[in-house]
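> Take the given structure of chain W and dock chain C to it, following the hints.
So the protein lines, in turn, are chains W and C. For what it's worth, my numbering labels the leading residue of the first sequence as 1, then goes sequentially. For what it's worth, my numbering labels the leading residue of the second sequence as 1, then goes sequentially.
None of these hints come from the bench; they were simulated from the model. Everything numeric in this text was worked out from a predicted model, so none of it was measured. A hint or two may mislead.
With the C-beta cut set under 10 angstroms, the calculated list includes, among others, these residues of chain C facing chain W [unchecked claim]: (1) GLU80; (2) VAL123; (3) LEU124; (4) VAL125.
Dumping the calculated DSS-like pairs for lysine-lysine here, alpha-carbon to alpha-carbon at most 30 angstroms [stated by the list, open to error]: (5) W/LYS113 with W/LYS95; (6) C/LYS122 with C/LYS52; (7) W/LYS41 with C/LYS97; (8) C/LYS52 with W/LYS60; (9) C/LYS122 with C/LYS82; (10) W/LYS82 with C/LYS41; (11) C/LYS52 with C/LYS113; (12) W/LYS97 with C/LYS82; (13) C/LYS60 with W/LYS82; (14) W/LYS60 with W/LYS41; (15) C/LYS43 with W/LYS82; (16) C/LYS52 with C/LYS82; (17) C/LYS60 with W/LYS122; (18) C/LYS132 with W/LYS43; (19) C/LYS122 with C/LYS41; (20) C/LYS82 with C/LYS43; (21) W/LYS52 with C/LYS95; (22) W/LYS132 with C/LYS95; (23) W/LYS43 with C/LYS113; (24) W/LYS122 with C/LYS122; (25) C/LYS97 with C/LYS132; (26) C/LYS41 with C/LYS82; (27) C/LYS82 with C/LYS113; (28) W/LYS122 with C/LYS132; (29) W/LYS82 with C/LYS82; (30) C/LYS95 with C/LYS52; (31) W/LYS82 with W/LYS132.
Chain W side only, calculated, beta carbon under 7 angstroms to chain C, not exhaustive [claimed, not checked]: (32) TRP73; (33) ASN76; (34) SER78; (35) PHE86; (36) VAL126.
Don't be surprised by glycine CBs; every beta carbon is placed ideally from N, CA and C.
In case you want the letters, here they are:
2 protein chains.
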Amino acid sequence: MNLLQRLVLSAALSCAILVAMSQTSAQAADAGVYRHVVLFKFKDSATAEQVKSVEDAFRKLSTQVNTITSYEWGTNVSPENKNEGFTHCFLVTFKDKAGLDVYLPHPAHDAFKAVLRPHLDKVLVVDYVSAK
Amino acid sequence: MNLLQRLVLSAALSCAILVAMSQTSAQAADAGVYRHVVLFKFKDSATAEQVKSVEDAFRKLSTQVNTITSYEWGTNVSPENKNEGFTHCFLVTFKDKAGLDVYLPHPAHDAFKAVLRPHLDKVLVVDYVSAK
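Chain W with its partners taken away, still in its complex shape (with noise of 0.2 angstroms):
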């Protein structure tokens, strides 16, 4: 091999192993993490107004928790009829439950459940560490 061969042989190579690293990093991201479910069924009397400043006031509360390793949500689709009632999931992520053990408490949390309450019929909770 001559000089040339040997760069690009040696680029690819180290190329190929950062594209495998970054892959594994990604993958593993997911794997033994804590996951906090929530689920919402609001009040009759909720209007849609009220409802979306909850969904906001969640989205807002997932930036003010520096413990969240990851955050959605979403409405309930089953075609399955076995929501019993709840219509909104959101699915905070935790590295481990020290991080769930800062969200609880923490004052933007409050803040929300006072935006939350007024409107609020039932919460079903289920938090779990992800197995495969």
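Relative to chain W, chain C alone:
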């Protein structure tokens, strides 16, 4: 710049682009996906072995339906006592609603339900398209 410098610069740039593409692809995988959230409460009569047989059967099911893009589960560890008796949470992810439409009537799903049903007290299902 001489040829060597150009080669090294070109390799470094290609590498950076490939790593960036790889990371974008991993992140995009979770945006706008179809989440199927399933909660179980088992009968008081269900033994630890029977509960484990359901856990194993669900894990097997997750490998039998090729529209499932990711699968995870865990048992409730929430300190909030708002789980309404549900002890198990399963998070089944599809690319879109069409993925669920393959899953729900799949023979492997029926086989799973046959394992589950004798031990199930109640179930709750919420599906959502993930938003940030």
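> May I ask which of the numbered hints given earlier this structure violates, with the numbers listed in increasing order?
Hint check: 8, 17 and 23 fail, others pass.
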